[in-house]
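Full structure from sequences and hints, please.
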Amino acid sequence: MKSIRIFLLIALLSTITLVNFIAALHGYRASMAEAERLFDRQVIGTALLLAAIPVNERAPLVVKENDQLAFQVWSRDGKLLMRSDNAPTDPIGDASDGFAESNFSGFRWRVYSHAADDGRSIRVAERVDLRFRLADEVVLQSVVPILLGLPVAGLLIWLVIGRGLASLRQLTGELRRKRAEDLTPLALASPPEELLPLVDSTNALLERLQASFDRERRFSADAAHELRTPIAAIQVHADNLANSLEHSGAEAPDSLWQLQQSIERMAHLVEQMLNLFRMTPEHYPARFESIDLHRMARDVVAKLYPAFARREQEIELRGQAAFIQGDRFALVLLLQNLLNNACKYTPEGGRITVAVNQREKCVELEVCDSGPGIPADARERVFERFYRVGGDRHESRVPGCGLGLSIVHHIAELHRARITLGTSPLGNAQLPGLMVTVCLPLPATDVPGRNAKVRLETNSEKNQDESRRA
Amino acid sequence: MLLTSVILVLREVLEAALLLSILLAMSQYTGLAARWILMALAGGILGSIAYGASIGTVSEMFEGMGQELLNAAMQFVIYGLLLVIGMLLIWNRDGKQQYLKLLQWCMALAVALATLREGSEVYVYMIAFRHQIDSLQSVMLGALIGAGIGFSIGALFYYLLVGLARKRRLVVALVLLTLVAAGLCLQATQLLEQADWLPAGPPLWDSSALLPENSLVGQLCYALLGYEASPTLLAVSAYLGGLMLMALLLWATWMKTPSESGREVSNEFA
Amino acid sequence: MKAGVRNLVTIFIAMLLTVLLPVLPVQAARPELQIEIRDHLFYPSVVKVPANTKIKLVVINRDPTPEEFESYELNREKVIMGGQKAIIFIGPLAPGVYPFFGEFNPKTAQGKVIAE
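Chains as they are written, first to last, in the working numbering: chain A, 1 to 470; chain B, 471 to 740; chain C, 741 to 856.
Treat each hint with caution, since some may be false.
Stated by the list, open to error - Below, a list of computed lysine-lysine pairs in the DSS-like style, where the Cα atoms sit at most 25 Å apart:
#: 1; chain 1: C; residue 1: K825; chain 2: C; residue 2: K788
#: 2; chain 1: B; residue 1: K637; chain 2: B; residue 2: K571
#: 3; chain 1: C; residue 1: K825; chain 2: C; residue 2: K847
#: 4; chain 1: A; residue 1: K2; chain 2: B; residue 2: K571
#: 5; chain 1: A; residue 1: K344; chain 2: A; residue 2: K361
#: 6; chain 1: B; residue 1: K726; chain 2: A; residue 2: K2
#: 7; chain 1: A; residue 1: K2; chain 2: B; residue 2: K637
#: 8; chain 1: C; residue 1: K796; chain 2: C; residue 2: K825
#: 9; chain 1: A; residue 1: K303; chain 2: A; residue 2: K344
These are computed hints drawn from the structure, not numbers from a lab.
Here it is in structure tokens:
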């Protein structure tokens with residue numbers, strides 16, 4: 001069965017057609033029978049009238065009649081006393097009393113034979129085709145509406161079925177619109193009895209799923225949080241060890257330096273994990289306020305400037321003041337992550353530009369670098385947690401944990417912003433560069449909410465082999 | 471004129487519509503695309519116009535027996551096609567997808583021939599009233615009602631078949647096809663009797679008082695079971711013969727298919 | 741064009757029928773009866789035939805419109821085009837009355853076969 005609607009339409013229309021048409025046929029047949037009886041009564045009346053007329057027995061009287069009626073009056077001894085001009089001189093019909101059908105004068109007639117009290121035989125005939133046509137024309141008018149009503153019924157059924165299936169369509173739409181991570185229960189306004197079990201079991205399933213997701217998420221967040229303190233302690237101890245070694249005049253071994261590096265990376269990872277879970281749109285208690293994104297970008301660039309300077313990179317801020325509704329802490333984190341990425345992956349002496357521009361429907365934040373960029377086929381995946389272009393062993397050997405862009409994604413989602421990845425105008429053939437564009441909707445048009453939706457767009461331009469960490 | 475039209479059109483439409491709905495349900499059963507239906511119907515309608523237009527010529531052939539003989543021949547051909555369709559359906563019952571092209575063509579041809587035969591009579595009837603304006607409305611209304619009832623029964627019948635459980639659906643369809651095919655044998659025999667090609671005897675029984683052929687139920691039984699109110703001995707024998715032959719062949723095919731020898735049978739046939 | 745189509749159809753039918761013609765029965769002489777159709781009426785409208793004999797009924801349609809000779813009682817059905825002649829074999833019949841009618845004009849085209 002391809003479509004419930006088409007099935008119902010055809011099945012219902014067929015049933016209606018069948019019942020209606022058969023009813024119409026019965027009605028037609030009954031009306032025709034009634035009309036026949038009416039005609040018969042008229043014929044009988046004519047016969048009785050003829051029987052009452054005294055006739056001169058010597059010469060047969062020929063009476064002019066219309067086409068429909070013919071008659072003969074026979075005497076007791078079989079002499080034709082009177083006839084209509086369209087009746088033959090031979091006896092018409094059976095001799096027996098009552099109705100019979102016979103052919104004469106080129107037509108078929110319904111003949112009524114009546115024996116009068118005085119012994120005369122009166123035959124009155126009516127043309128079958130004419131009286132049938134007359135009755136047919138009248139009765140037919142009652143059949144026509146039934147046929148004309150059928151297309152109307154079809155249209156109404158189509159609409160009614162559509163109305164009846166509306167809640168099903170609503171449910172399908174609700175399910176289709178649901179994002180993968182959205183596990184809120186289906187909200188169907190007063191679902192019909194038939195759909196209730198389906199909605200209930202789906203919601204129960206979603207609830208179980210949500211609970212297990214929550215457990216997993218809490219576990220990761222708790223683990224990250226719990227790791228923070230011991231890592232800080234290890235960091236302090238390693239620093240102390242380095243200090244005391246320095247004081248004692250001994251040269252610190254290479255492994256200690258590596259240990260400190262590793263601890264730093266671990267601390268960064270734990271920090272990023274915590275950031276990621278904090279920024280989950282479902283959990284982050286965003287406080288939206290009016291923010292000048294350009295000014296904020298300037299502050300972040302200023303704060304991170306030492307890192308760029310260390311790598312001898314040229315950083316430039318363009319654009320003008322642009323206000324949006326946003327969460328200050330989250331947006332700073334977003335800028336930091338994007339700029340950190342740009343700084344990390346752009347080779348020493350490279351260029352980075354940050355631009356904030358007011359567009360028609362959004363404020364556009366654009367971060368361009370002259371690094372290796374992200375190949376088009378990896379752009380969809382870089383927002384996944386722990387995903388890194390080319391895996392852990394990639395050419396750039398830049399340390400990272402693969403959470404930066406996931407955090408950016410969460411924050412964008414929080415602000416109903418759109419992220420686009422593309423190649424940078426600062427790039428060249430070897431290093432195409434990366435351009436990240438974040439479109440933050442203007443405050444007037446949108447009230448950011450937790451069911452905000454992020455659309456991920458990736459410009460597939462060049463397919464690059466250069467790897468890049470997210 | 472209304473009732474006449476209804477009865478005439480209904481009889482022709484019902485026969486074609488029931489066969490169509492059985493085959494359509496089976497087409498759905500084997501997973502064939504239903505496109506063949508359009509082809510078959512178009513072919514059938516064009517054929518019925520051609521046949522209806524040349525029916526005068528046909529009648530004069532074979533010493534005035536062309537009509538009977540051609541109709542009988544078509545009935546037998548449809549019988550053969552239904553037999554082949556039944557066997558192909560059995561071979562395909564496990565979703566083997568064998569000879570689907572052949573099956574599709576057989577179905578299309580059977581529907582086209584059935585439509586052609588039934589449609590030509592409707593066509594002749596319609597052209598008879600082309601110029602009689604006073605009864606045209608009545609004739610058209612009757613034709614609409616007849617076609618409406620016929621197609622409605624066909625559609626409901628189709629959904630009835632499609633709604634059956636898979637295995638039962640096949641069995642029911644095969645039984646129906648066998649009955650329809652047997653009815654075709656009976657009609658063909660009657661036509662040959664009418665043409666004096668087969669000796670005719672007195673009717674074996676007369677059940678017209680019980681179930682008149684021109685009633686709706688009578689028409690339904692005629693289309694589905696080949697019901698005849700007063701058949702001759704020969705016609706009944708043809709019915710039973712056609713029934714048994716088809717039932718036997720289908721039964722044998724059914725028995726052989728699941729085993730290894732099923733392949734041999736199909737090869738023999740092809 | 742029309743004649744071409746007709747010829748094609750004729751050839752096609754002839755081919756079909758040759759398959760069906762292994763044994764052409766020898767047609768014995770049958771009592772013959774003639775009925776005419778004029779203005780959608782049968783002349784004569786009552787036909788008397790001997791019982792238990794196969795009869796050759798010749799129906800001539802004098803009207804310009806087609807007619808279908810039909811009888812449920814006789815199990816007969818045949819389209820007769822305008823101006824054409826049709827041969828219909830009926831019987832052998834048990835004594836009795838067998839109505840027939842023109843299916844296209846059933847109100848007026850009525851008749852009956854009386855087998856005696």
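Each hint tested on the structure:
With a CA separation close to 20 Å, the supplied pair C/K825 and C/K788 stays within the 25 Å bound. With a C-alpha separation of about 22 Å, the suggested pair B/K637 and B/K571 falls inside the 25 Å cut-off, and the hint holds. Restraint check: the Cα-Cα separation between C/K825 and C/K847 comes to about 22 Å, which is no more than 25 Å; the hinted pair holds. For the suggested pair A/K2 and B/K571, the alpha carbons sit about 23 Å apart, so the restraint of at most 25 Å is met.
Straight-line distance between C-alpha atoms of A/K344 and A/K361 comes to about 32 Å, which puts the hinted pair past the 25 Å bound. Note on B/K726 and A/K2: the hinted pairing is violated, with a Cα-Cα distance of about 34 Å set against a maximum of 25 Å. The straight-line distance between the Cα atoms of A/K2 and B/K637 is roughly 20 Å, inside the 25 Å bound, and the hint therefore holds. This hinted pair checks out: C/K796 and C/K825 have alpha carbons roughly 12 Å apart, not beyond 25 Å.
Under the criterion of a C-alpha separation no larger than 25 Å, the hint pairing A/K303 with A/K344 is consistent with the structure, at around 16 Å.
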